[in-house]
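*Asks:* What follows is each chain in one-letter form.
There are 2 protein chains.
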Amino acid sequence: MSLMNQLLTSISSSSSALLGQDHLFLTRPKNVVLPSKKSGLCKCIAAPSTEKTAYKTKVSRNENMGKLQAGYLFPEIARRRAAHMLKYPDAQVISLGIGDTTEPIPEVIASAMAKRSNSLATIEGYSGYGAEQGEKLLRAKVASTFYANLGIEEDDVFISDGAKSDISRLQVLFGSDVTMAVQDPSYPAYVDSGVIMGQTGRYQNNVGYAHIEYMKCTPENGFFPDLSAVSRTDVIFFCSPNNPTGSAASRDQLSQLVQFAKDNGTIIIYDSAYALYMSDDTPKSIFEIPGAKEVAIEISSFSKYAGFTGVRLGWTVIPKELQFSDGFPVAKDFNRIVCTCFNGASNIAQAGGLACLSPAGLEGMQEVIGFYKENTRIIVETFQSLGFNVYGGKNAPYVWVHFPGQSSWDVFGEILEKTHVVTTPGSGFGPGGEGFIRVSAFGHRANVLEACRRFKELYK
Amino acid sequence: MSLMNQLLTSISSSSSALLGQDHLFLTRPKNVVLPSKKSGLCKCIAAPSTEKTAYKTKVSRNENMGKLQAGYLFPEIARRRAAHMLKYPDAQVISLGIGDTTEPIPEVIASAMAKRSNSLATIEGYSGYGAEQGEKLLRAKVASTFYANLGIEEDDVFISDGAKSDISRLQVLFGSDVTMAVQDPSYPAYVDSGVIMGQTGRYQNNVGYAHIEYMKCTPENGFFPDLSAVSRTDVIFFCSPNNPTGSAASRDQLSQLVQFAKDNGTIIIYDSAYALYMSDDTPKSIFEIPGAKEVAIEISSFSKYAGFTGVRLGWTVIPKELQFSDGFPVAKDFNRIVCTCFNGASNIAQAGGLACLSPAGLEGMQEVIGFYKENTRIIVETFQSLGFNVYGGKNAPYVWVHFPGQSSWDVFGEILEKTHVVTTPGSGFGPGGEGFIRVSAFGHRANVLEACRRFKELYK
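Line by line, the protein sequences give chains C and Z.
Taken in order, the first sequence gives residues 1 to 460; the numbers are from UniProt numbering.
Taken in order, the second sequence gives residues 1 to 460; the numbers are from UniProt numbering.
Excised from the complex, chain C in its bound form:
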């Protein structure tokens, strides 16, 4: 399969819906690439159509939806990539943007899913509704594999269809009255789901949403916030190793964070989706920190370990020690949420999850992770050789490249225009990401090498 064919296949599968959406949502002609704007995300969603149909309901639009800025970051990038490919139909576009895995799922894992699929056609192998919380065996295996000796038990683990879905379910659980803090920059789903739930005020350019505590993470503070300057909130979203900066908090820093939460009665939602990418002995789970079970939830995912971005499987740990102010266990309310708003992850995906945690599966995952880590090393070296200040990469599959004083959407646009490589503009992760570009290490080796060659050409 030629690279061009691969790209066309890829655009037709991953961007198809976006192209489909054009039909519905975009007023711009398709063949024009969007100019990048000086600051902020350009508004990609059309204003209410002028060619109105005769009828409107009397239902008011949820005002929280109206607060959201433009499209969710990654579909917006996919849309710009699609527009670029329409402008340059012959270009060999390489995506180091949305963090999408590209390497095959280890065979031992894929074949376990195939086996489960086939068995569903038999009376003995068939299963209908599973437990909303996930299959008992998988919950137990997640607990023993990732949380051995940390006091996390099978019934603290909830199997999900991915971390993003559970972030949203956690927001539904907490409701509209909580206040939240996020690392700035951070994975946009934390903030956007909080906006949707009505936890925030309006957006202000270069500042962010009102009522969100943005904890600046910069090269100057080693990407760990100065907690003495952080106001108390009900919830803190904290991702380590961090997406997008690629930095991992040390044991000492995480101890500070847990102490800060304890002092404030705050709940930490700790995203450890990249934990297995760590190269040093930095904690892989927040529950390695004593006392964390009383203040923390951990969310994670098989997406970046086993290439499950399309298969959809993750988990959330809510220790029974975690309580609301009235002593009600948080896990009990979350259990009610998954029973009412979710019906469990696909049984086939769960069979895959079990295989991931078998000895051969764990080995297979380490190979996948090792592959992307080598990609990361190549990207880091490339930008370092070009004289950039480069962060991340050591403990995460993301490289955070500094372009001081420049608009990250401008840099994104220039890189795309001149090298046909898709990256992610730092400001898409929050005001604190301005002036940075995130380069993802998820890609075929040949593409990563070719992208790096083009970077060297552009910035030589």
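Because the hints were derived from the structure by calculation, they are not lab data.
Relax, there's no trap hidden among the hints.
Note that the list lumps identical chains together, so a pair holds whenever it fits in one copy or between two copies.
Only pairs whose alpha carbons sit at most 20 Å apart, straight line, appear in this in silico EDC-like list of lysine to aspartate or glutamate:
| # | residue 1 | residue 2 |
| --- | --- | --- |
| 1 | 56 | 321 |
| 2 | 418 | 450 |
| 3 | 67 | 177 |
| 4 | 460 | 450 |
| 5 | 56 | 177 |
| 6 | 58 | 294 |
| 7 | 394 | 281 |
| 8 | 262 | 213 |
| 9 | 56 | 326 |
| 10 | 58 | 321 |
| 11 | 320 | 288 |
| 12 | 58 | 213 |
With the hints as your guide, set chain Z onto chain C.
*Replies:* Just chain Z now, with coordinates in the frame of chain C:
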């Protein structure tokens, strides 16, 4: 495999988490069956534990969660079934309760999922993140299969991991300020998700939640509400063929409903998850009614057609003609919700969905449906022969049996105790279900026949 072994396998897979939960959530000794109560659902979730840990966070529990009555209906039933099996370890318990499919997935569909699983282990066949809205091909196929000539297009269709998840996402979309109406009785996820979002007031025994408009559906009104007595709400949840009553609204009734929505500027959320079970020419989609595209959303699922209750795949149709009062398209906000709070259904499940809609797959689904329809006929005949007033069954896999003047939890308990058959108490579906029992037709033929034999024994 013996029946007992089958039951044990079944309980260990489908109720495992619930048994696991006992450890966390229940204070009652395990070996005691719960007495059924005179009215309402008994409170199955323990009050905040008395053996408190030292630490509580300062985060207030979401007060909407506190409004929810007891556990979500179906896990509660699974829990009672589990307790019953502990009490009678040798009993051959038969479940005609939670509506869980039991028959194998047609081979052509299962093998398509196996093929997709295996292909994920290859470079050519691998795919990562798919479109959040679902794969283009599947969206198009759903549109052409179920909505041919109804003006529904590919980009009106959003692929989900099941109807229950999308009900919840729709509630997140609408937010806390909308008012809602439901058929009474109805599938509990509509009401419970509205409670969680804060759309309602407190629960009142035998009345329901404040601020919900309960549209009584009784034998007297042919299970179609008297719309002249229904107050205007922003949203109406309407399920046809109905779960639990099994009755389907006629074309004339649906036209009245659409007109009612138009007059009031209301949005109908139409649940058609049982449409293919219809035996007559009653509309299979709300979009068969002229003008419905301006006032309706339709949710549906592969669960009951192809045995996908565990595989997890469904869809939601939001026509581009549907607008909020300010002219903003509802589909555009829903698109933002799926991009922010969901990452698409599993790619393997979507391969199964595509296979479902192939000629061989459609044939296979018809066989599955035909099998359960024959079960339905057997159950209807049984209760009719015993002199009960029986509703439903003709257009849906649910039989709605009248026990006038009796508490449905009492009847549920008596049937379970004396016949070891699990049914569903009508009052679990809302105050209007009191005095009824829902008998689900999902079961192996031998089990259905055996259950009916026991019913005849009990009520002879």
